[in-house]
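Could you build all of it, start to finish, from the sequences and the hints given here?
Protein chains in written order, with our numbering: chain A, 1 to 137; chain B, 1 to 137.
Hints in this document: simulated from the structure, not taken from any laboratory.
Treat the hints with care, as some may be off.
As the list makes no split between identical chains, a pair holds if one copy fits it or if it spans any two.
As the list claims (entries may be wrong) - Simulated crosslink set (BS3-like; lysine-lysine; CA at most 27 Å straight-line):
id : residue 1 : residue 2
1  : K107      : K122
2  : K122      : K106
3  : K107      : K131
4  : K8        : K106
5  : K72       : K122
6  : K131      : K3
There are 2 protein chains.
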Amino acid sequence: MTKEQIVKFIEKQKTAFISSVDENGFPVTRAMLAPRKIDGNDLYFSTNTSSKKIQHFLRNPNACVYFYQRGKIKYQGVMIKGTMQVCTDQPTKDEIWRFGDRFIYKKGVTDPDYCVLKFTCKSAEYYCDLKIEDFDF
Amino acid sequence: MTKEQIVKFIEKQKTAFISSVDENGFPVTRAMLAPRKIDGNDLYFSTNTSSKKIQHFLRNPNACVYFYQRGKIKYQGVMIKGTMQVCTDQPTKDEIWRFGDRFIYKKGVTDPDYCVLKFTCKSAEYYCDLKIEDFDF
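Structure representation (structure tokens):
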């Protein structure tokens, strides 16, 4: 797998599994919608400012983003380690906003409960069945 | 959701997402097969002794196990925080072993590369669309 093939794999997935480290040092994982934008080594997600993960990432930016596909014959997974930045600046919020978001964020694109998570990839592992390949970004 | 309903939800899933914290403080997530045994607050998984997660858990037992189901209408997720114990003792290995494992572990149930992960649940969160419920175990 090349880096380009990993990006293509990510682009096909509907779900991302995002992990943070909480205030007591426990890993915490949750499913999120796939990234809205992939730009070089950066993945952008939209989320609620009031969610617990925002508190985790403000305290500790260490993060993991995992993508997974289980087919009938083989399973593939991509695990990426990196850092997560919480973006509340209006230009980033404007760029990542989509029309349907107004049904979640009643105040629209300036709603303080809408923010953007920017994940910067540092290294990755690609799993295919029992094989593992390592990558640096 | 009661604790019993959470267990029923877990029993229906084919995949578990297991997270550890690595030697540099980064969360690391990977898909695994569903637990082989659920006993009270403990979930048992089979795995390779040589895998990186074993090193993570021996150094830091803090763990998260996440289960996820995305239906056509709603998504549900269960995130459980707890501690992971690496079991290499023969009675536990004997108990969790299944016949098909001999195709992976050539030396059979005493193969040193076969071991058991025992996860003890401490607290959980159940997600259904945008709602969250907390549980203590």
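Hint by hint, here is what the structure shows:
For the homomeric pair K107 and K122, neither the shortest alpha-carbon distance inside one copy (35 Å) nor that between copies (37 Å) is at most 27 Å. Neither within a single protomer nor between protomers do K122 and K106 lie at most 27 Å apart by alpha-carbon distance, with minima of 35 Å and 36 Å respectively. Taking identical chains as interchangeable, the C-alpha atoms of K107 and K131 lie at most 27 Å apart only when they sit on different chains, with a minimum of 20 Å there against 47 Å within one chain. Taking the closest pair of Cα atoms, K8 and K106 never come within 27 Å of each other, the shortest separation being 34 Å inside a single copy and 36 Å across copies.
Neither within a single protomer nor between protomers do K72 and K122 lie at most 27 Å apart by alpha-carbon distance, with minima of 31 Å and 34 Å respectively. For the identical chains of this complex, K131 and K3 are intra-copy neighbours only, at 17 Å inside a copy versus 36 Å across copies, given an alpha-carbon limit of 27 Å.
The earlier numbered hints that this structure contradicts are 1, 2, 4 and 5.
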